[in-house]
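*Asks:* The listed protein sequences derive, respectively, from chains A and B. The numbering of the first sequence is my numbering, which starts it at 1 and goes up by one. The numbering of the second sequence is my numbering, which starts it at 1001 and goes up by one.
Hints listed in this document are in silico derivations from the structure and should not be mistaken for laboratory results. Beta carbons: idealized from backbone N, C-alpha and C, even for Gly. Among the hints, erroneous ones may be present.
BS3-like mimics (lysine-lysine), calculated; alpha carbons at most 25 Å apart, straight line [claimed, not checked]:
| id | chain 1 | residue 1 | chain 2 | residue 2 |
| --- | --- | --- | --- | --- |
| 1 | A | Lys-106 | B | Lys-1055 |
| 2 | A | Lys-106 | A | Lys-259 |
| 3 | B | Lys-1142 | B | Lys-1121 |
| 4 | B | Lys-1042 | B | Lys-1055 |
| 5 | A | Lys-388 | A | Lys-259 |
| 6 | B | Lys-1055 | B | Lys-1072 |
| 7 | B | Lys-1121 | B | Lys-1141 |
| 8 | B | Lys-1141 | B | Lys-1072 |
| 9 | A | Lys-373 | B | Lys-1072 |
| 10 | B | Lys-1042 | B | Lys-1072 |
| 11 | A | Lys-390 | B | Lys-1013 |
| 12 | A | Lys-388 | B | Lys-1121 |
| 13 | A | Lys-259 | A | Lys-25 |
| 14 | A | Lys-308 | A | Lys-25 |
| 15 | A | Lys-24 | A | Lys-259 |
| 16 | B | Lys-1013 | A | Lys-391 |
| 17 | B | Lys-1042 | A | Lys-372 |
| 18 | A | Lys-308 | A | Lys-263 |
Every beta carbon over 10 Å from chain A, so not counted as near; a handful from chain B, in silico [as the list claims (entries may be wrong)]:
| id | residue |
| --- | --- |
| 19 | Gly-1039 |
| 20 | Met-1074 |
| 21 | Pro-1076 |
| 22 | Asp-1111 |
| 23 | Glu-1124 |
| 24 | Gly-1125 |
| 25 | Arg-1128 |
| 26 | Ile-1140 |
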Amino acid sequence: MTGAFAALMALEATGLVFFLVFMKKTAYECTMAELLSVSFFAGLGIVVYTLFIFDLLNIRFAVTNYLFFSAACLVAGIFIIFTLPGRIILAPPRAGSLFPLSLAEKICLSGIAIQFLWILFMVLPSPVSSHDAVANYALKSKIFYFTGLIPENFFNMPEASVAHPDYPLMLPLAMTWIYGFTGFDDVVVNIVMPVIYAAFIVLFYSLSRRQFGRTFSAICAFMLATVPQFADYAMIIHADIILAVFITAAFIYMTLYMKSLDKNYLVLSSVFFGFSLWAKNEAIVFTAAFVILLAFFLCRCAGRPPDKARSMLTVLMVLFIIAAPWFCVKLLSGPANSDIRLSEINFAGIAENIRDIPVLLDLFQQEVFGPKKWNIFWILFFGSVIWKRKKLFRGEILYMTLFMMISSACYFSAYILMTGYDLYFFANTTISRFMLHFCGAAMFLAAYLVHDDISRVLERCGGKNKGM
Amino acid sequence: MSGSYTVHRWLNKERVLTAIFSLWTILWLFFLIREDKDGQYKTYFKLLTSRGEEKKQVIYGRDLIGFSEFCKDMIPAGQTYEIMGLGDYDVDKVRLRYLLWPARAEDGDTDFKITVDPGIKDVEGYVRLVHDGSKGNIFIKKDRL
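Chain A extracted, bound-state conformation (with noise of 0.2 Å):
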């Protein structure tokens, strides 16, 4: 447990390092919480980048090499914090100091410890056994372990040697990372997961606190953190919990640009976007909508041409150098996808998945009306949409409600297209982790709506619930 607990160290001091020279050089300002938060996960796309570099450049994944990669950023990154004019500014939490708890607040921060407390003590004792996991990210991860570097045929291994060699590696990376100081030790591998659901919840709260109130915060915190589906991921060694923590910080992050124009902003959520294309191949769909969407805000509103076309050419520098390294390496060693095969896409078998369109929606109905995966987030989501329909196209909700629309419809447009396996088979084993993808995304929009009247009546209650 000691050298898992080293692995996450050395890679939240890497992560706080790149950060903290973001913040001096920017004077972009943020609480601890968003500090840490940020760092832990500036950390991992930071150490899996790395990683991948490292075998490009045919250095051995070894803890050697780790501890001396973490300690030249560190070094490089002080000397930089040192070296740069201005001071690094740590925001005071928006209503004052943290305490007194409302009992809403109470009730919330003990729901987020009793969740995060069981879903530990039901990660701690279990080796790597789901399915996926076992077929995919761990076996990934013990074969570049023991290996110590990509072997090179791996992008173009049969489906029977290994699932889905086409997947980006975040993932099984960090596994291999965590290995680095652990030794392969595929029972304590699984901290990993639990300690990106604490950190996902923290940065959530801190991202919210940015907008809502302190009371309305920790509601929508607690709820996301208790979803089912969202804790029961976090127990397993699956990339789709990672996927979604990255789009929703990229999410928030977008929308908090589009109100303030602060081009902080701007950079970290590009930052998100681009780990995300790490974490999962959908990322590409996120990824993709965040694009068109940021040309047609910067179209529409107000500034100068050359400052717009600034910003869009940041956007994309950021995304292009941290995707490039893995999308050169893909798109030379061409892994098959498993689930859509471009070739393979014919009229018949489109014509074949539009008629079971009602078997997907009755999957879709399933997930939205059992409370077992989602208790009754998507109810309650739909029907914050439903009640605050005229506000869903004003502002900068319109962007994030086309965000939600033209991803989800991407990903139908998947099901349509999908060439691997008949569309029931494929749908009612993904449609859950789909939607998790999403949910984090889908809380903040529903926080979005419904606050100012849900924050009138905690302020009655006796919340705290006071802008920034």
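Dock chain B against chain A, hints included.
*Replies:* Leaving out everything else, chain B in the frame of chain A:
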């Protein structure tokens, strides 16, 4: 008129919010504590009292672990094998594949054939290696003998 006024007064936002929050909390606690699979807690307590490789035996099954140990002894690293008699998505199949790395699972003309069906005693072109046969059998390609 007075009835709808009473309903309206009763259905104020505080009460709706409290009702939603209470329903959410009740459903959350119910699905949190409820056993998702039969014997989930029993398995969990076994895991708590097990150490190291025993944990894998609890989750994967003693037979599968024993059989995988035998296969690991028989199949050198880097050699190929095919698992027969299990569907593509069978959890035992992916667990075996995971446990047996660095031997590599493939389809077709492989160095070894593995079957977890003890009933399969012969595979054409392959010779059976000795095992107690309780979980399965392992065969080696004739020209590799």
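*Asks:* Hints first: check each against the structure and report whether it holds.
*Replies:* Quick rundown of the hints versus the structure:
1. Taken as a hint, the A/Lys-106 and B/Lys-1055 pair is broken in the structure, with Cα atoms around 37 Å apart against an allowance of 25 Å.
2. Taken as a hint, the A/Lys-106 and A/Lys-259 pair is broken in the structure, with Cα atoms around 31 Å apart against an allowance of 25 Å.
3. As the CA atoms of B/Lys-1142 and B/Lys-1121 are separated by approximately 15 Å, the hinted pair is consistent with the 25 Å bound.
4. Annotation: proposed proximity of B/Lys-1042 to B/Lys-1055 holds, straight-line Cα distance about 13 Å (limit 25 Å).
5. Taking the CA atoms of A/Lys-388 and A/Lys-259, the gap is about 19 Å. The hint holds against a cut of 25 Å.
6. Taken as a hint, the B/Lys-1055 and B/Lys-1072 pair is honoured in the structure, with Cα atoms around 19 Å apart against an allowance of 25 Å.
7. Of the supplied pair hints, the one linking B/Lys-1121 and B/Lys-1141 holds, its CA atoms being roughly 14 Å apart against a limit of 25 Å.
8. This hinted pair checks out: B/Lys-1141 and B/Lys-1072 have alpha carbons roughly 16 Å apart, not beyond 25 Å.
9. At most 25 Å may separate the alpha-carbon atoms for a hinted pair to count; A/Lys-373 and B/Lys-1072 exceed this at roughly 39 Å.
10. Of the pairs offered as hints, the one joining B/Lys-1042 and B/Lys-1072 is violated, with about 30 Å between alpha carbons and a cut-off of 25 Å exceeded.
11. Restraint check: the Cα-Cα separation between A/Lys-390 and B/Lys-1013 comes to about 19 Å, which is no more than 25 Å; the hinted pair holds.
12. Taking the CA atoms of A/Lys-388 and B/Lys-1121, the gap is near 67 Å; set against the 25 Å cutoff, the hint is violated.
13. Of the pairs offered as hints, the one joining A/Lys-259 and A/Lys-25 holds, with about 22 Å between alpha carbons and a cut-off of 25 Å not exceeded.
14. A threshold of 25 Å between alpha carbons decides the hint, and for A/Lys-308 with A/Lys-25 the separation of about 21 Å falls inside it, so the pair holds.
15. For the hint pairing A/Lys-24 with A/Lys-259, the CA-to-CA distance comes to about 23 Å; that is within 25 Å, so the pair holds.
16. For the hint linking B/Lys-1013 to A/Lys-391, the alpha-carbon distance of about 19 Å falls within 25 Å, and the restraint holds.
17. Taking the CA atoms of B/Lys-1042 and A/Lys-372, the gap is about 21 Å. The hint holds against a cut of 25 Å.
18. About 11 Å separates the Cα atoms of A/Lys-308 and A/Lys-263, which keeps this hinted pair within 25 Å; it holds.
19. Annotated as non-interface, B/Gly-1039 keeps its C-beta farther than 10 Å from every C-beta of chain A; the closest such distance is 14 Å.
20. The Cβ of B/Met-1074 lies farther than 10 Å from every Cβ of chain A, with a closest approach of about 19 Å, so its non-interface assignment holds.
21. No Cβ of chain A approaches the Cβ of B/Pro-1076 within 10 Å, the least distance being about 14 Å, so the stated non-interface status holds.
22. Even its closest Cβ contact with chain A, about 14 Å, leaves B/Asp-1111 beyond 10 Å, as expected for a residue assigned away from the interface.
23. At roughly 20 Å, the least C-beta separation between B/Glu-1124 and chain A is larger than 10 Å, which holds for a residue marked as non-interface.
24. Every Cβ of chain A is farther than 10 Å from the Cβ of B/Gly-1125; the closest lies at roughly 19 Å, confirming the non-interface assignment.
25. Listed as a non-interface residue, B/Arg-1128 keeps its Cβ farther than 10 Å from every Cβ of chain A; the least gap is roughly 22 Å.
26. Against the 10 Å criterion, B/Ile-1140 stays outside the reach of chain A, whose nearest CB is about 19 Å from its own CB.
In this structure, the earlier hints numbered 1, 2, 9, 10 and 12 are contradicted, and the remaining ones agree with it.
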